[in-house]
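I would like the entire structure built from these sequences, with the hints used as guidance.
Protein chains: 2
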Amino acid sequence: MVELVDITDPDDPRLADYRDLRDVQLRQTLEAEHGLFLAEGEKVVRRAVEAGFSARSFLMAPRWLDGLADVLDRSDAPCFVLAESLAEQVTGFHVHRGALASLHRPPPLPVESVLAGARTVLVLEDLVDHTNVGAVFRSGAALGVDAVLLAPRCADPLYRRSIKVGMGAVFTLPWTRVADWADALPALSRAGYTTVALTLADDAVPLEDAVAGLDKVALVLGSEGHGLSPRWEQSADRRAVIPMRDGIDSLNVAAASAVACYITARR
Amino acid sequence: MVELVDITDPDDPRLADYRDLRDVQLRQTLEAEHGLFLAEGEKVVRRAVEAGFSARSFLMAPRWLDGLADVLDRSDAPCFVLAESLAEQVTGFHVHRGALASLHRPPPLPVESVLAGARTVLVLEDLVDHTNVGAVFRSGAALGVDAVLLAPRCADPLYRRSIKVGMGAVFTLPWTRVADWADALPALSRAGYTTVALTLADDAVPLEDAVAGLDKVALVLGSEGHGLSPRWEQSADRRAVIPMRDGIDSLNVAAASAVACYITARR
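Chains as they are written, first to last, in the UniProt record's numbering: chain A, 1 to 267; chain B, 1 to 267.
These are calculated hints, taken from the structure and not from any lab test.
It is possible that some hints are incorrect.
Stated by the list, open to error - Subject to a maximum C-alpha distance of 25 Å in a straight line, what follows is the list of computed SDA-like cross-link-like pairs (lysine to any residue): (1) B:K164 / A:P243; (2) A:K43 / B:V241; (3) A:K164 / B:D246; (4) A:K43 / B:D249; (5) B:K164 / A:D246; (6) A:K164 / B:T131; (7) A:K164 / B:V128; (8) B:K216 / A:M244; (9) B:K43 / A:K216; (10) B:K216 / B:R231; (11) B:K43 / A:T131; (12) B:K43 / B:R63; (13) A:K43 / B:D129; (14) A:K216 / B:G92; (15) B:K164 / A:T176; (16) A:K43 / B:A201; (17) B:K164 / B:R267; (18) B:K164 / A:M244; (19) B:K164 / B:L36; (20) B:K216 / B:G192; (21) A:K43 / A:T176; (22) B:K216 / A:V128; (23) A:K164 / A:D202.
Said to hold, decoys possible - Computed, partial: chain A to chain B, Cβ under 7 Å: (24) V5; (25) A135; (26) A142; (27) I248; (28) L251.
Claimed, not checked - Here are the in silico distance ranges between beta carbons for each label pair: (29) A:H226 / B:I7: 30 to 36 Å; (30) B:D183 / A:V5: 52 to 58 Å; (31) A:V5 / B:D246: 55 to 61 Å; (32) B:D246 / A:P230: 36 to 42 Å; (33) A:P108 / B:Q234: 47 to 53 Å; (34) A:G213 / B:F93: 49 to 55 Å; (35) A:K216 / B:R22: 45 to 51 Å; (36) A:A179 / B:G35: 39 to 45 Å.
For every residue, glycine included, the Cβ atom is placed at its ideal position computed from N, Cα and C.
Put into structure tokens, the structure is as follows:
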């Protein structure tokens with residue numbers, strides 16, 4: 001049973017998890033150090049708890065208590081209750097969707113357990129934009145991806161913005177980071193996956209042809225600006241492209257990922 | 001030949017077109033009243049001018065002058081040159097990509113001229129997010145769409161953010177707004193298009209089946225929150241869905257649009 005804690009002082013030290021949510025740099029440090037992540041909005045908070053993540057605390061204005069009553073009832077973390085204007089002072093922005101939760105960041109899963117039973121895997125190299133990471137997870141979950149692997153420097157799927165854009169898909173789609181960037185794709189090949197890099201390289205073939213008839217596939221996507229590193233591009237088993245209209249050779253990584261997942265799901 | 005105008009006062013009235021670029025509300029009013037739109041970033045400014053849009057003026061820090069010299073040379077609009085710190089005071093944000101241009105907003109095209117020769121058309125109802133509008137244009141241009149029609153209330157494709165996210169696709173893909181919301185889809189049917197609404201309605205069939213063998217197709221997408229209005233959903237010739245994994249029934253509108261364009265291009 002949740003403990004409701006009325007808050008009247010925005011500087012209350014118990015609210016430390018919720019400070020300055022718009023400061024990406026600060027938040028990344030704070031969340032890593034304290035082993036937490038933030039979920040925002042009634043739907044996403046609910047999904048996090050239902051997916052088994054353990055709450056450190058909740059924070060919301062009184063009017064959100066009813067809608068989340070069942071979620072709160074099952075938790076023994078405190079729920080800080082405060083006026084919306086105070087919440088805004090703490091977080092640094094207007095919390096449109098009302099509820100926030102601070103949750104324990106789980107230890108990273110081993111790659112083998114993420115891949116267990118996975119037939120279609122997405123591999124993301126160095127995406128920098130949390131919005132794109134969230135969008136890729138959401139489309140992947142909807143379009144048949146079973147697991148996601150991230151390069152060491154890829155943006156954090158448990159960052160608040162990633163979770164929100166991904167509608168909580170990061171809670172249900174198994175994912176982890178690979179430890180060894182250089183060997184990431186060869187290791188997947190040894191595990192039985194055909195690694196297919198999305199690229200505009202000269203030897204890229206249409207993706208539909210690249211995945212035709214394959215069993216286990218790992219689709220490999222690079223960063224927003226420069227795409228894949230040469231190392232990853234060259235160490236993939238196949239290089240493939242989404243056919244585009246003459247004279248146009250780029251899709252946003254989130255759009256490319258959605259189309260690629262659709263194509264791959266129908267192989 | 002462009003006239004270079006050194007600016008030292010951020011309140012200089014000649015900079016009126018560039019004020020407070022982060023204030024969406026103010027900008028919408030100002031741009032409509034003055035018949036202008038803004039392009040941001042060297043690449044997008046270049047594309048706007050190369051696509052034939054006429055500049056009212058340019059604004060940039062000295063270091064961007066060389067890269068855009070050929071574009072400026074072909075224009076007789078003034079180019080306001082000022083320090084980056086001053087530019088930030090005028091616009092309200094740090095102009096990462098350096099150059100801005102204010103361009104004359106062209107009169108709306110007639111629907112018939114936008115549709116002339118178009119085999120695949122996207123029709124957007126009430127998208128509210130400029131990022132999504134830009135993303136839809138970009139994917140559409142890459143994946144075979146020939147023209148875009150917008151409902152009267154759809155967010156503006158010539159808003160700075162739409163243009164930027166769309167990488168200037170709005171300059172090359174013919175588009176306009178329909179005047180009569182209620183008759184929009186029946187009018188397309190009379191013009192020989194099969195209108196296919198993307199929806200989760202009970203009678204929706206897989207999109208691949210819905211477009212198979214069709215000649216002229218109009219793909220119809222609704223708003224981010226609630227999808228299509230019942231009127232549009234019901235007045236479309238066909239209702240279709242992108243097949244998704246069990247238990248998941250939603251894609252972001254930009255992702256859905258990319259996948260839908262890909263499928264439709266291969267009909």
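Hinted pair, alpha-carbon criterion (25 Å max): K43 (chain A), A201 (chain B). Please report holds or violated. Status holds; Cα separation ~23 Å.
Was the hint right that L251 (chain A) lines chain B, CB cutoff 7 Å? holds (5 Å)
Holds or violated: K164 (chain B) with R267 (chain B), Cα cutoff 25 Å? The hint is violated at about 30 Å.
Does the Cβ distance between D183 (chain B) and V5 (chain A) fall inside 52 to 58 Å? Distance hint for D183 (chain B), V5 (chain A) holds at roughly 56 Å.
Could one say that the CB atoms of G213 (chain A) and F93 (chain B) fall in the range 49 to 55 Å? At roughly 50 Å between Cβ atoms, F93 (chain B) and G213 (chain A) fall inside 49 to 55 Å, so the hint holds.
Holds or violated: K164 (chain B) and M244 (chain A), Cα atoms, limit 25 Å. Between K164 (chain B) and M244 (chain A) the Cα gap is close to 20 Å, so the pair holds against 25 Å.
K216 (chain B) and R231 (chain B) were given as a pair; does the straight-line alpha-carbon distance stay at or below 25 Å? holds (22 Å)
Against the range 30 to 36 Å, how does the distance between the Cβ atoms of H226 (chain A) and I7 (chain B) compare: consistent or not? The hinted range 30 to 36 Å holds for H226 (chain A) and I7 (chain B), with Cβ atoms some 34 Å apart.
Interface hint status, I248 (chain A) versus chain B (Cβ within 7 Å): Holds: closest Cβ of chain B sits about 5 Å from I248 (chain A), inside 7 Å.
Hint consistency between K216 (chain B) and V128 (chain A) [alpha-carbon to alpha-carbon, up to 25 Å]: violated (39 Å)
45 to 51 Å as the expected CB spacing between R22 (chain B) and K216 (chain A), which holds or is violated: Taking Cβ atoms as reference, K216 (chain A) and R22 (chain B) lie about 47 Å apart, which means the hint holds.
Quick check: does the Cβ-Cβ distance between P108 (chain A) and Q234 (chain B) fall within 47 to 53 Å? Cβ of P108 (chain A) to Cβ of Q234 (chain B): about 49 Å, so the range 47 to 53 Å holds.
In the structure shown, a violation is registered for the earlier hints numbered 9, 14, 15, 17, 22, 23, 24, 31, 36, in ascending order.
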